[in-house]
Amino acid sequence: MEAASQSTYIKRKRDGRIRIKSGNKAERVMQGTILSFIILTAIAFIIFDYSGLHLISAVQETMYNLYVMFLQPGLSHFGWGEALFQVSMTLGLAVLSTVFGAVIALFLALMAATNLSNKGLTKTVRIIVAFIRAVPTVLWVLIFAIAAGLGSEAAVLGMLFHSVAYLVKAFSEAFEEVDPGIIEALRATGSSWWHIVTHAVIPSTFTYLLSWTFLRFEINFTVAVAMGAAAGAGGIGFELFMASGFYFDLREVGFITYAILVVAILLEIISTQLKNRLFPAAATQ
Amino acid sequence: MSLLQVKRLGKSYDLETKVLKDISFDVEAGEFVSIIGPSGAGKSTLLRSINRMVEINEGHVIFDNNDVGSLKKKELRQLRTDIGMIFQHYNLVPRLSVIENVLHGRFGYKTTIQGILGRFTEDEKERAFYLLDKLGIGEHAYKRCDQLSGGQQQRVGIARALIQDPKLVLCDEPIASLDPNTSKIIMDHLQSIVSELNITCIVNLHQVEVAQTYSDRIIGLKAGEIVFDGPTPWLTDDRIHHIYGTETRELITG
Ligand SMILES: Nc1ncnc2c1ncn2[C@@H]1O[C@H](COP(=O)(O)OP(=O)(O)O)[C@@H](O)[C@H]1O
Ligand SMILES: [Mg+2]
Numbered sequence: 001m002e003a004a005s006q007s008t009y010i011k012r013k014r015d016g017r018i019r020i021k022s023g024n025k026a027e028r029v030m031q032g033t034i035l036s037f038i039i040l041t042a043i044a045f046i047i048f049d050y051s052g053l054h055l056i057s058a059v060q061e062t063m064y065n066l067y068v069m070f071l072q073p074g075l076s077h078f079g080w081g082e083a084l085f086q087v088s089m090t091l092g093l094a095v096l097s098t099v100f101g102a103v104i105a106l107f108l109a110l111m112a113a114t115n116l117s118n119k120g121l122t123k124t125v126r127i128i129v130a131f132i133r134a135v136p137t138v139l140w141v142l143i144f145a146i147a148a149g150l151g152s153e154a155a156v157l158g159m160l161f162h163s164v165a166y167l168v169k170a171f172s173e174a175f176e177e178v179d180p181g182i183i184e185a186l187r188a189t190g191s192s193w194w195h196i197v198t199h200a201v202i203p204s205t206f207t208y209l210l211s212w213t214f215l216r217f218e219i220n221f222t223v224a225v226a227m228g229a230a231a232g233a234g235g236i237g238f239e240l241f242m243a244s245g246f247y248f249d250l251r252e253v254g255f256i257t258y259a260i261l262v263v264a265i266l267l268e269i270i271s272t273q274l275k276n277r278l279f280p281a282a283a284t285q
Numbered sequence: 001m002s003l004l005q006v007k008r009l010g011k012s013y014d015l016e017t018k019v020l021k022d023i024s025f026d027v028e029a030g031e032f033v034s035i036i037g038p039s040g041a042g043k044s045t046l047l048r049s050i051n052r053m054v055e056i057n058e059g060h061v062i063f064d065n066n067d068v069g070s071l072k073k074k075e076l077r078q079l080r081t082d083i084g085m086i087f088q089h090y091n092l093v094p095r096l097s098v099i100e101n102v103l104h105g106r107f108g109y110k111t112t113i114q115g116i117l118g119r120f121t122e123d124e125k126e127r128a129f130y131l132l133d134k135l136g137i138g139e140h141a142y143k144r145c146d147q148l149s150g151g152q153q154q155r156v157g158i159a160r161a162l163i164q165d166p167k168l169v170l171c172d173e174p175i176a177s178l179d180p181n182t183s184k185i186i187m188d189h190l191q192s193i194v195s196e197l198n199i200t201c202i203v204n205l206h207q208v209e210v211a212q213t214y215s216d217r218i219i220g221l222k223a224g225e226i227v228f229d230g231p232t233p234w235l236t237d238d239r240i241h242h243i244y245g246t247e248t249r250e251l252i253t254g
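Respectively, the protein sequence lines represent chains X and V.
Quick note on numbering: full-length UniProt numbering labels position 167 of the first sequence as 167, and the sequence is numbered without any gaps.
Quick note on numbering: full-length UniProt numbering labels position 240 of the second sequence as 240, and the sequence is numbered without any gaps.
If we strip away everything but chain X, and leave its shape as in the complex, we get:
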């Protein structure tokens, strides 16, 4: 074929075939990272301490425990009403930290978005928020527990802190996606910054803000369960902790797990419904 190109820009693989990946640095770093993960995992398995572990009986016992847990669930230390109350308490923790977190994050995200704020402020907010996000929620709860004592206050504060940091990143990235032309057009009419934010930026990104908030709410629900167990924040998580660590009541553990699962599924259904109902156009995109 005469069309065979002689372009000097062609890069070839070792066997002479033409490359289509750019083969840049980022790609090589990525490959290196994956390779080292594989090697590290293999090494970890080799040097585990397997003494005292009888594989067959271990598997058998685990299977039996799972069987009791999930096929014979039941309540013994508290009743249905109490269970419902504890679940709603956990939900309450999640709602509180998500709602406050979203409101605070909205304002901080406006400062963190490069198209709405100045460089200095953007950088400062981003660095602080990245630091907060790097520390796991549990650790923040424990840090606040020093001042507030272990309990629901510390749990809400810690979850709030992490939610804000998470949502600031999500929200500010959504804000930055707004068509710069829209902002320019409103500036040209003499609109002030607040007019642009309330009538162009937020309406354009509202679905994203809502989805991110709901996603964070789902995360906060599971975190609230864990905080109940780990930080004495109460709610269904605490009951789970008591059932498994204190009473060794596998049936109750099974029941509570199912309860949490049901709530999680309900949340998922509600969030999908809400999105379809409020934004039929966004759902079909």
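Simulated from the structure, these hints should not be mistaken for lab results.
For each residue, glycine too, the CB sits at the ideal point set by N, CA and C.
What the simulated footprint calls covered on chain V by chain X, stretch by stretch (three residues with Cβ under 8 Å from a Cβ of chain X suffice, anywhere in the stretch; the number is not a length):
no., region
1, 80-87
2, 94-102
3, 110-120
Assemble the complex: chain X is given as a structure, and chain V with the ligands must be docked to it using the hints.
Relative to chain X, chain V with the ligands alone:
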């Protein structure tokens, strides 16, 4: 005194290249002026220097006896209420209704709180509907802007500019994304803005023939300098040739 005076205007985005060099011209109230020139010539930058959407480095822009370059933030907002702007990509908020987008043109007259709460007077709303009717899109007032065709969206853009009660309208390639029929509708509307409402229009255009059909006066821009400025009939083929350079002649005529 002219409505707009541009005096020895110079602009550069970085240290190396000057995008606009020593630009001077006056525009009288009620004129329809087209700015033509190859892409990258600096047409958009020139237009945005007039309402200070970009900061100017040298020279002065005097609009309605105000030195635009020296205005404070609040004064600048006030100045911008007198200058409407129309864009190639319409730049409407797609998720909001047509009427809401038109009313955005009133924000320049509002305090922060009034604007945030979207407090518009009945007069303003009636004026918005009047403009939409006049532009032939009254029936779409409650539709979301992203459900409209390009030509309809551009008419919303025109309504948004007109509700400002501007003395001058700046149009940055208003028909570059539209087909010929729709382009004609838009250009006819712009023409009637000038003839009926006596609002001054400065339009950046890609198409020389359109500029020749509609404008009283044409300014030719090439590499940041004015190479032609005069009444439309003065723009001869040779001068068009000069503005666009040799090799692009076929592109323009063909
Ligand atoms: N925001 C900007 N930052 C840096 N350079 C820009 C910017 N806007 C335009 N330019 C440069 O200025 C020159 C003129 O651009 P522009 O005014 O858009 O010309 P035109 O509208 O005639 O095509 C181009 O070389 C362009 O790359
Ligand atoms: Mg341009």
